[in-house]
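Visitor: Protein chains in written order, with the numbering used here: chain A, 52 to 505; chain B, 52 to 505.
For the record, the hints were derived by calculation from the structure and aren't laboratory data. One or more of the hints may lead you astray.
[What the hints assert, rightly or not] Label pairs and their in silico Cβ distance ranges: (1) A:V454 / B:S480: 55 to 61 Å; (2) A:E184 / B:E154: 55 to 61 Å; (3) B:D252 / A:A261: 55 to 61 Å; (4) A:N74 / B:A126: 48 to 54 Å; (5) A:D262 / B:Q456: 53 to 59 Å; (6) A:E327 / B:A245: 47 to 53 Å; (7) A:N287 / B:A126: 34 to 40 Å.
[As the list claims (entries may be wrong)] If the Cβ cut is set under 10 Å, some of the chain B residues that face chain A in the computed set are: (8) L54; (9) Q101; (10) G204; (11) K210; (12) K213; (13) G362; (14) N363; (15) F366; (16) P375; (17) A379.
Owing to the predicted nature of the structure, the values given are computational and were not obtained by experimental measurement. Beta carbons are placed, not taken as given, at the ideal position from N, Cα and C, and that holds for glycine.
Protein chains: 2
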Amino acid sequence: MPLEILLILLILLQYTFIMKHLNVDVGLIGFGTVGSGLAEVLLSQQERLQQRSGLLVRLTKVAARSAKELPARFAGIALTNDATEVINDPDIDIVVELIGGIEPAKTFVLEAIAAGKHVVTANKALLSQEGKEIFAAAAAKGVEVGFEASVGGGIPLIKGLKEGLVANNILSIMGILNGTANYILTRMTDEGSAFADVLKDAQELGFAEADPTYDVEGIDTAHKLAILMTMAYGMNITHKEIVTQGISGIEPIDIDFAREFGCRIKLLAISQNHGEHVEARVHPTMVPNSHLLASISGPYNAVHFSGDMVGNVLFYGQGAGKLPTGSAVAADVMDIARDIAAGSVGRVPSLSYLPEHIQDRGVTPLDQVSCPYYFRITALDKPGVLAAVAEVLSRHSISIESVIQKGREENEPVAIVMQTHTAAESAVSAALAEIDALEAITAPTVKIRMLGEE
Amino acid sequence: MPLEILLILLILLQYTFIMKHLNVDVGLIGFGTVGSGLAEVLLSQQERLQQRSGLLVRLTKVAARSAKELPARFAGIALTNDATEVINDPDIDIVVELIGGIEPAKTFVLEAIAAGKHVVTANKALLSQEGKEIFAAAAAKGVEVGFEASVGGGIPLIKGLKEGLVANNILSIMGILNGTANYILTRMTDEGSAFADVLKDAQELGFAEADPTYDVEGIDTAHKLAILMTMAYGMNITHKEIVTQGISGIEPIDIDFAREFGCRIKLLAISQNHGEHVEARVHPTMVPNSHLLASISGPYNAVHFSGDMVGNVLFYGQGAGKLPTGSAVAADVMDIARDIAAGSVGRVPSLSYLPEHIQDRGVTPLDQVSCPYYFRITALDKPGVLAAVAEVLSRHSISIESVIQKGREENEPVAIVMQTHTAAESAVSAALAEIDALEAITAPTVKIRMLGEE
Chain A
52 MPLEILLILL ILLQYTFIMK HLNVDVGLIG FGTVGSGLAE VLLSQQERLQ
102 QRSGLLVRLT KVAARSAKEL PARFAGIALT NDATEVINDP DIDIVVELIG
152 GIEPAKTFVL EAIAAGKHVV TANKALLSQE GKEIFAAAAA KGVEVGFEAS
202 VGGGIPLIKG LKEGLVANNI LSIMGILNGT ANYILTRMTD EGSAFADVLK
252 DAQELGFAEA DPTYDVEGID TAHKLAILMT MAYGMNITHK EIVTQGISGI
302 EPIDIDFARE FGCRIKLLAI SQNHGEHVEA RVHPTMVPNS HLLASISGPY
352 NAVHFSGDMV GNVLFYGQGA GKLPTGSAVA ADVMDIARDI AAGSVGRVPS
402 LSYLPEHIQD RGVTPLDQVS CPYYFRITAL DKPGVLAAVA EVLSRHSISI
452 ESVIQKGREE NEPVAIVMQT HTAAESAVSA ALAEIDALEA ITAPTVKIRM
502 LGEE
Chain B
52 MPLEILLILL ILLQYTFIMK HLNVDVGLIG FGTVGSGLAE VLLSQQERLQ
102 QRSGLLVRLT KVAARSAKEL PARFAGIALT NDATEVINDP DIDIVVELIG
152 GIEPAKTFVL EAIAAGKHVV TANKALLSQE GKEIFAAAAA KGVEVGFEAS
202 VGGGIPLIKG LKEGLVANNI LSIMGILNGT ANYILTRMTD EGSAFADVLK
252 DAQELGFAEA DPTYDVEGID TAHKLAILMT MAYGMNITHK EIVTQGISGI
302 EPIDIDFARE FGCRIKLLAI SQNHGEHVEA RVHPTMVPNS HLLASISGPY
352 NAVHFSGDMV GNVLFYGQGA GKLPTGSAVA ADVMDIARDI AAGSVGRVPS
402 LSYLPEHIQD RGVTPLDQVS CPYYFRITAL DKPGVLAAVA EVLSRHSISI
452 ESVIQKGREE NEPVAIVMQT HTAAESAVSA ALAEIDALEA ITAPTVKIRM
502 LGEE
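In isolation and in its complexed conformation, chain A is listed as follows (with noise of 0.2 Å):
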């Protein structure tokens, strides 16, 4: 009686794959800092994450382009420099990409989705670029994408936006989320430094790279970004879609002034969503005070979401490092373990809404965009001058909170400095191209965006 035979069988196979998943094993492509802090993890967890789990998850192979050997600690897992063994690997479960960039970690990551693996990454950069695309493959091969550590390192905070705010229409995300530029602003608020002079020493104390460009310039914190608004909001982003201005262009003399007006400088990425449409940017802003996000200090993250039921949520932590990214890679690898063992793959949606429901929406240009001012006007002290700022200002009603005027030399250059009320970017430009054309004005205006009030 075959059918009866095949039946048993199919049922039986059910509980073959349910036993021989309580062994979950793992390949790792890439041991730089983050890939060696993830085997590190994995090893000095093993026993408790059993405990907490009833799995045993292993770290089996490493792909490593130069490693010769792995150190004496990791004795037993095998070491080739072929991603391919890793991806083809016909007992490895799950394949950890942490090798960054684009290329070749695309076409790896892509490989190991066709081989039928799950994959973890804690690449922002290729996510934001070719997520479409890695989602699609994977959601097409029923295999699932963990990518907890691309954004805020060891922060648990893509699983509380995906899983914890999962009743919520979030209608804002700001965040600081590059560890190198808040370090650099915060030493440039406290010891009055110039950029260039921190970098460099940052860039000593390994605090950032030989390129600081995508740090410095806003480009990671715009990756990061477009994942989260591809989460929050169900929505096709990439960063080439969001407005992006870097910290180089800070000079000390505005972070002083920030004090003044009980603010401190911070790299921001800045998201609110207007429905239709939706405002993505990041920018150099000055944060009042009284808001969290003004507190998080040196090389820590933080993301502080406004849900519509939820209200204010912020999560904090480390952006970045060995261990702590090492952390949220492995809370990745548990998740899809655990949908493993219970055979619920994907339980959860990669990107928290199904795949039809990710839209295309449109992403306000930033003329669009209204918000709080500061501006820095260098202009000779003569009589008249502040009248005929303000006169330009009001016409483009552009209104003003309050004004620091430093120095008295006549004849001299002096700052001119100002808090606006909340004004139309396209206003501001207009305005300050009619201001900085004043005869009176010896530089171009500095214009730093602010927090608006809550």
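Starting from the structure of chain A, add chain B where the hints point.
Guide: For chain B alone, kept in the frame of chain A given last:
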């Protein structure tokens, strides 16, 4: 061929089960602030929840002792005055208990578990006191118990701790867990007002209950700390084992001196994991302004975890309120609904460790705890008083970090205020007994524990 038919039926049954459970029906016991908040959240977010999970989650029946009818927008939801009608409704998958207190909540929860229902609750008093029995019953019956809303209101920190920080040995927990107490302390700090005046005002504004004992005396905070410790360390503990001191004895003068020392007074839950034994205490604490917990103002809550891999992580948000708490309850409901639909009930152990790995561990007696201290000594302003005090402290190995002596009126009582380095509680108790017995001391010394440097 009955065997064939049986097997076919078995397989069909599995799929029928899966299909049925694309609908998940929820029953609610209690329709007060949080109960009506949950109804609001599930109704307003129903479409979003479906877009994020593929599941239609419906609140179908509410039990409320005194309600005659539900507001019109909840048309279609059955109302009963009898909780057992919710518990015994065969169509209901998840029973949400939101009446609070020990009884009859405990009976309802145990009856729901016995009836094979999954349970979600926000009841921290119940879980802290009766959790062991409830979680054992749920494990025996194979149902889940969700309790995200029991600690930190809307903040998704239970999930963060259980899943996001799964690969960490939690080394310490520090939290502002009671919004009422934090609101009162914030206003006392900002306004210089006395505790009793702010409490009265808070009661009139609805920020404090008619009987504020649980909130201001730290009992509610201790309930929540017990729940966090159970999950963070995998240990059995109830709030009765936690040394608990409230804020009703805090005077404006101590808030002022705290400010001079660069600190704010907060009602903190503090736990340190020493391995074999753990510290657990709730008391007013002087927190340095440089610590993020000092910036948590008004009715907000925050919890700071330190993990051996992740380092410092903080979760912040609204610790109470109708919709924030409803958001957290809804997140639990969705988690369970996903497990029902995926056939993965029990995927994550309710208490983060598997029941067999939750152990008894000792709680450090208070007199073995060490921290820096603040003392306010009231003494006649006579020569030699400070020398006498310093001699006693020195003899008990308590070293002074700084001293402020205010006022100078011969033979009148003045305040001698000091901050110590880390000292043992036992030494401090012995020293203060001696100091208070000195002839020049005219009132018992006020002692407030300080947060140690990280």
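Visitor: When the nearest CB of chain A is found for F366 of chain B, is that gap smaller than 10 Å?
Guide: holds (6 Å)
Visitor: Please check whether N74 of chain A and A126 of chain B have a Cβ separation lying inside 48 to 54 Å.
Guide: holds (51 Å)
Visitor: Per the CB criterion, is K213 of chain B less than 10 Å away from chain A?
Guide: holds (8 Å)
Visitor: Mind checking the CB of G204 of chain B against every CB in chain A and telling me if the closest is under 10 Å?
Guide: holds (9 Å)
Visitor: Tell me if the beta carbons of E184 of chain A and E154 of chain B are separated by a distance inside 55 to 61 Å.
Guide: holds (56 Å)
Visitor: Holds or violated: 55 to 61 Å for the Cβ distance of D252 of chain B and A261 of chain A?
Guide: The hint (55 to 61 Å, Cβ to Cβ) holds, given that D252 of chain B and A261 of chain A are roughly 57 Å apart.
Visitor: Confirm or reject the claim that V454 of chain A and S480 of chain B have a C-beta distance inside 55 to 61 Å.
Guide: 57 Å Cβ-Cβ, so the 55 to 61 Å window holds.
Visitor: Holds or violated: the 47 to 53 Å window for the beta-carbon distance between E327 of chain A and A245 of chain B?
Guide: holds (51 Å)
Visitor: When the nearest CB of chain A is found for K210 of chain B, is that gap smaller than 10 Å?
Guide: Given a least distance of 5 Å, the restraint on K210 of chain B holds.
Visitor: Starting from the hint 34 to 40 Å, judge whether the C-beta atoms of N287 of chain A and A126 of chain B obey it.
Guide: holds (37 Å)
Visitor: Does the interface hint hold: is A379 of chain B within less than 10 Å of chain A, judged Cβ to Cβ?
Guide: holds (8 Å)
Visitor: Any CB of chain A closer than 10 Å to the CB of L54 of chain B?
Guide: Result: holds, 5 Å to nearest chain A Cβ.
Hint violations for this structure: none, all hints satisfied.
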